[in-house]
Amino acid sequence: MKQKKESRIWFDMMLTLLPLSVIAFFYYGAHFMMTAVLCVITALVTEIISVRLMQRKFMPDDLSCTADGLLVALMLPASVDYRIAVLSSVFAVAVAKNIFGGRQNMIFSPSAAAYIFAVTSWSRELSLYPSPHNRIGITETAEKLSASASHIFNTTGKMDYTDFEIIMGNFSGACGSVCILLLLVAAAVLICRKDISGGAFFGTVFGTAVPAFIAPIINSRADSVKYSLVTNMVIFAAVYIIADKRTAPRNTFFAFFYGFFIAAVSYILILTTAKENTIITVSVLFTPIALAFQMLEGRIERAEKEQAQIGETVQ
Numbered sequence: 000m001k002q003k004k005e006s007r008i009w010f011d012m013m014l015t016l017l018p019l020s021v022i023a024f025f026y027y028g029a030h031f032m033m034t035a036v037l038c039v040i041t042a043l044v045t046e047i048i049s050v051r052l053m054q055r056k057f058m059p060d061d062l063s064c065t066a067d068g069l070l071v072a073l074m075l076p077a078s079v080d081y082r083i084a085v086l087s088s089v090f091a092v093a094v095a096k097n098i099f100g101g102r103q104n105m106i107f108s109p110s111a112a113a114y115i116f117a118v119t120s121w122s123r124e125l126s127l128y129p130s131p132h133n134r135i136g137i138t139e140t141a142e143k144l145s146a147s148a149s150h151i152f153n154t155t156g157k158m159d160y161t162d163f164e165i166i167m168g169n170f171s172g173a174c175g176s177v178c179i180l181l182l183l184v185a186a187a188v189l190i191c192r193k194d195i196s197g198g199a200f201f202g203t204v205f206g207t208a209v210p211a212f213i214a215p216i217i218n219s220r221a222d223s224v225k226y227s228l229v230t231n232m233v234i235f236a237a238v239y240i241i242a243d244k245r246t247a248p249r250n251t252f253f254a255f256f257y258g259f260f261i262a263a264v265s266y267i268l269i270l271t272t273a274k275e276n277t278i279i280t281v282s283v284l285f286t287p288i289a290l291a292f293q294m295l296e297g298r299i300e301r302a303e304k305e306q307a308q309i310g311e312t313v314q
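Each residue of the sequence shown is one higher than the one before, starting from 0 at the first, in numbering that gives the first Met the number 0.
It is worth saying that the hints were derived from the structure and are not from the lab.
Fair warning: this is a prediction, and the values are worked out from it, not measured in the lab.
Glycine residues also receive a C-beta, built at the ideal position from the N, C-alpha and C atoms.
Honestly, I wouldn't trust all of these hints.
For lysine-lysine, the following DSSO-like pairs were computed, each having C-alpha atoms within a straight-line distance of at most 30 angstroms [as the list claims (entries may be wrong)]:
| no. | residue 1 | residue 2 |
| --- | --- | --- |
| 1 | K225 | K157 |
| 2 | K225 | K244 |
| 3 | K157 | K274 |
| 4 | K157 | K143 |
| 5 | K274 | K225 |
| 6 | K193 | K56 |
| 7 | K56 | K244 |
| 8 | K244 | K143 |
| 9 | K193 | K143 |
| 10 | K244 | K274 |
| 11 | K193 | K157 |
Pairwise CB distance ranges (calculated) [as the list claims (entries may be wrong)]:
| no. | residue 1 | residue 2 | range |
| --- | --- | --- | --- |
| 12 | V94 | T154 | 29 to 39 angstroms |
| 13 | R55 | T161 | 48 to 58 angstroms |
| 14 | L144 | R301 | 49 to 59 angstroms |
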């Protein structure tokens, strides 16, 4: 039953990631599509090799590595060097996933860890982005690169885009994290199909919105909330990183506060340091808290079973 469920989740994930890939191709051209293909193939080959080295049989559930590879591609600039994308995918599967327990014992998101690896190794390359509609060919190198809309908002408080451009992802940033409309549709589909943690998703949204309202980056509290939610990969992370059932607490109450604390800490870091996409880093750093929640859930489940057994014995 578990195998069927994991396969279904992987399939649903891929169905929601493909539209994000299509819109990224529409905005940025064939270079992104080649990056996505390389990341998926690299993740799959790395998973097969890792499974063989661990003397395990490759199972259908192991195909979840392809979703992790595609997530890596969607978190990078559309102009990224292919070598960076490939090495990040190898890191996601070989190191972040299999060295730290494998598919059944994951402690953090492989794609989030891979993004941190890429940012720390190639910080300049990952801080510059092409503008939408600046289409890059497979063998071409982007000529005009600039800071992301998230960086500009974090440092100046400016967001010079219409609401329509924002909802459609027509602003510079990681190619898969800016189309807010598709991300919200993906969140609705995955939550309704119980593929991701609804508690963690809404906790992340509230954990960003509440601090942004209390301590706004700009004068308008409403705009502060709106722009804080659509920048810095917040919605993307809420759907695919923090709400990932492989790492999020199972209990909805615990999952909500897990997402809330990650988002709140991320917002505070943006407010004090202006660093972009801090939510990805904080999600990995909060691994001990996620593990603590999981241990608490285990204790509660054991206590409930013991109470049930006592009740049956008394009857």
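We went through each hint and held it up to the structure:
1. K225 with K157: holds (12 angstroms)
2. K225 with K244: The hint holds at about 27 angstroms.
3. K157 with K274: Between K157 and K274 the Cα gap is close to 15 angstroms, so the pair holds against 30 angstroms.
4. K157 with K143: holds (21 angstroms)
5. K274 with K225: holds (18 angstroms)
6. K193 with K56: Since the Cα atoms of K193 and K56 sit roughly 28 angstroms apart, the hinted pair holds (cutoff 30 angstroms).
7. K56 with K244: Holds, because 23 angstroms separates the two Cα atoms, which is no more than 30 angstroms.
8. K244 with K143: violated (39 angstroms)
9. K193 with K143: Cα-Cα ~41 angstroms, so violated.
10. K244 with K274: With Cα atoms ~27 angstroms apart, K244 and K274 stay inside 30 angstroms; holds.
11. K193 with K157: Roughly 37 angstroms separates the two Cα atoms, so the pair is violated.
12. V94 with T154: 29 to 39 angstroms: With a Cβ separation near 32 angstroms, V94 and T154 satisfy 29 to 39 angstroms, so the hint holds.
13. R55 with T161: 48 to 58 angstroms: The hinted range 48 to 58 angstroms holds for R55 and T161, with Cβ atoms some 51 angstroms apart.
14. L144 with R301: 49 to 59 angstroms: holds (54 angstroms)
The structure fails to meet hints 8, 9 and 11 from the earlier list, while all remaining hints are met.
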